[in-house]
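There are 2 protein chains.
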Amino acid sequence: MTTARIVTAAMLAIGDELLSGRTKDKNIGHLAEMLTMVGIDLREVRIVADDEEAIVDAVNGLRGRYDHVFTSGGIGPTHDDITADAISRAFGVECVHDPEAMALLGAMYERRGMEFTDARRRMARMPVGATHISNPVSTAPGFRIANVYVMAGVPQVFQAMLDSLLPSLQTGTPVLSRTVRSPYGEGEIGGPLTEVQKKHPETSIGSYPKFDGKNFSTDIVIRARDAAVLAAAEVDVMAMIEAIARSR
Amino acid sequence: MTTARIVTAAMLAIGDELLSGRTKDKNIGHLAEMLTMVGIDLREVRIVADDEEAIVDAVNGLRGRYDHVFTSGGIGPTHDDITADAISRAFGVECVHDPEAMALLGAMYERRGMEFTDARRRMARMPVGATHISNPVSTAPGFRIANVYVMAGVPQVFQAMLDSLLPSLQTGTPVLSRTVRSPYGEGEIGGPLTEVQKKHPETSIGSYPKFDGKNFSTDIVIRARDAAVLAAAEVDVMAMIEAIARSR
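Chains as they are written, first to last, in our numbering: chain A, -3 to 244; chain B, -3 to 244.
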């Protein structure tokens, strides 16, 4: 068994609309899935308002603690888009119109016969020292500064930026998982499952109740970074379910 | 104009499955909508793993800062349900089998001819000093201790617990909102909208881009606690859109 490399991450979703319930976030779940796939452990997510203080506090609270920090939202052209300013302040650097982003946006608006308004120029602002995260959907780039990756809130744009960013990131050994469906509720499997977990300390076994409006069943999810370790635990989980079936 | 009463809240969603992407959270958006309706400002959300240290840190970081803290997840009968223990530790009290919860659950399992297993008894554990949040869906109660409300992760149960909890909470002056749909993207409205926001400092005006795969349009959301203040800003936002239409 080779040594697993652990790479961690946090996400910060930014936007009043997420906290008022007006918009239901779609980026957290997508990021979680993508990171799991490439072997980055998402350890914590925070959602804060379009509030400079709150963004600065959260970014500074997270970027020292995790290998990667992904943000969504607040990089558009309107007055409530303050993420670039907040990230600049978190890093103690100036927020400026990035020349390369200005050129990209300027050319795009010229092609489309549209005016490059002051509001649109706002989208080219980023902290001094930041580099671009490309945006094939709507041109205005996200940016990275140190281990913080600043992306759009619109899901199509967030996803496109993440696709262009991910190949460049340090990743770890992916966590493998198996799901075993149990027709029995958690109350029935809780005792024996605890024993299975104890027997397989290198796995993390989660149990997720499902409720169909009348009865509970359970999805048992086994996670491990090593395939053989995972398979051994899966055998014991299945044996446990068969034992419950026989005893009824 | 009467003085608005501001009541704040945070949410802590607990569960490995939310961070692996296996489960897409549905409770955050629901809580956000419900709190907005009753006049509680949701200011921050965190998602952490089934990890005692992470839960304790988050709860203690949030409960002093906001009037209310709502948690979801980790109160079932299996080994990975550690929320009751973590909340007890956060408050420095013991985690015990609550006699009333034991009676409720015992009676329910007897009625259904099911064994009251050790795993099921686990669901009756809560910090000393906690009181129940009733659970009409599946009996096992959530609990409140001081300003922290601990609820289930299964959305149907979370929602039922929230319904039984909300009427007992201190609420504030609700935020009213109006949405004005703009056929123009943020780049076009960004400049004039900044002026409208400046003219109406008692409102909070948000601008939410929508992307149909080809073009951006914008939902402009005006929020205020006073109806007259809201209406005045709405008039100016509509006038702004008409002015853009005329200028094209």
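There's no promise every hint is true.
Since the list can't tell identical chains apart, any single copy or any two copies may satisfy a pair.
What the hints assert, rightly or not - 27 Å max Cα-Cα, derived DSS-like pairs, lysine-lysine:
no., residue 1, residue 2
1, Lys210, Lys195
2, Lys22, Lys206
3, Lys206, Lys195
4, Lys195, Lys22
What the hints contain is simulated information worked out from the structure, not anything from laboratory work.
None of these values were measured; they are calculated from a predicted model.
Which hints from the list above does the structure break, by number from lowest to highest? Checked against the structure, the hints that fail are numbers 1 and 4, while the rest are satisfied.
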